[in-house]
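Protein sequences appear in the order of chains E and W. Read in order, the letters of the first sequence correspond to residues 571 to 686 in the working numbering. Read in order, the letters of the second sequence correspond to residues 274 to 391 in the working numbering.
Note that these hints are calculated values from the structure, not bench results. Just so you know, nobody snuck in bad clues.
Interface residues of chain E toward chain W, partial, derived using beta-carbon atoms under 7 Å:
#	residue
1	His613
2	Phe660
3	Gly677
Some chain E residues well away from chain W (every beta-carbon gap over 10 Å; in silico):
#	residue
4	His577
5	Glu585
6	Ala586
7	Tyr595
8	Lys639
9	Ser640
10	Lys641
11	Phe642
12	Arg647
13	Pro649
14	Ser654
15	Thr656
16	Thr683
17	Pro686
We put the beta carbon where it would ideally sit given N, CA and C, even for glycine.
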Amino acid sequence: AQSVSQHNHHVILSEAASLELGCNYSYGGTVNLFWYVQYPGQHLQLLLKYFSGDPLVKGIKGFEAEFIKSKFSFNLRKPSVQWSDTAEYFCAVTRGRGSTLGRLYFGRGTQLTVWP
Amino acid sequence: EAGVVQSPRYKIIEKKQPVAFWCNPISGHNTLYWYLQNLGQGPELLIRYENEEAVDDSQLPKDRFSAERLKGVDSTLKIQPAELGDSAVYLCASSPGIAGGPSYNEQFFGPGTRLTVL
Numbered sequence: 571a572q573s574v575s576q577h578n579h580h581v582i583l584s585e586a587a588s589l590e591l592g593c594n595y596s597y598g599g600t601v602n603l604f605w606y607v608q609y610p611g612q613h614l615q616l617l618l619k620y621f622s623g624d625p626l627v628k629g630i631k632g633f634e635a636e637f638i639k640s641k642f643s644f645n646l647r648k649p650s651v652q653w654s655d656t657a658e659y660f661c662a663v664t665r666g667r668g669s670t671l672g673r674l675y676f677g678r679g680t681q682l683t684v685w686p
Numbered sequence: 274e275a276g277v278v279q280s281p282r283y284k285i286i287e288k289k290q291p292v293a294f295w296c297n298p299i300s301g302h303n304t305l306y307w308y309l310q311n312l313g314q315g316p317e318l319l320i321r322y323e324n325e326e327a328v329d330d331s332q333l334p335k336d337r338f339s340a341e342r343l344k345g346v347d348s349t350l351k352i353q354p355a356e357l358g359d360s361a362v363y364l365c366a367s368s369p370g371i372a373g374g375p376s377y378n379e380q381f382f383g384p385g386t387r388l389t390v391l
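Take these sequences, add in the hints, and give me the full structure.
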């Protein structure tokens, strides 16, 4: 089945630890890739996106993600997390063409808890 | 710039009752989306509008769900009758341009409506 997989459902880190959240997708062809974040009590907001070009994408708040086409992956990284990064993180994919163009396919999310 | 506005934020109803959700997208955004988010899951698309036309509604359960976007601005999503399994968060999002077009960029989400069906 076509899907977006986030392997970690809950990650717990101490402040200043490094973060990597895994995301794999199973769609062939051209895809656009996104990471969204939902802070407690807030709505979903875009963290970063990849459409084309440099596969290493930098987003807000020091986050970055690397698109590895051969591995169908788009992992999110941050070298040093802060308590304020506590949130739920969603990986999402849109397909480059076809009847579902523009439809975001989401992973089930990873809850990140950062201890001060 | 005002974000996507949704109302109500919370709704509690008994099963078999009707319910409606309202969404006002960001001004100038042509494309509007309704997503369903079950507990512990990522959002799933119900319907996508480009202006007033529903261009992707294949995942909308049409026996009980309906949606409209009159005049290509605000949108309403309705459930009639509601079932216990409809308890979830209903998200509205909008984006500038149309998917695949030159100004298509990202989807901006509203705060959602949390529906509880008793």
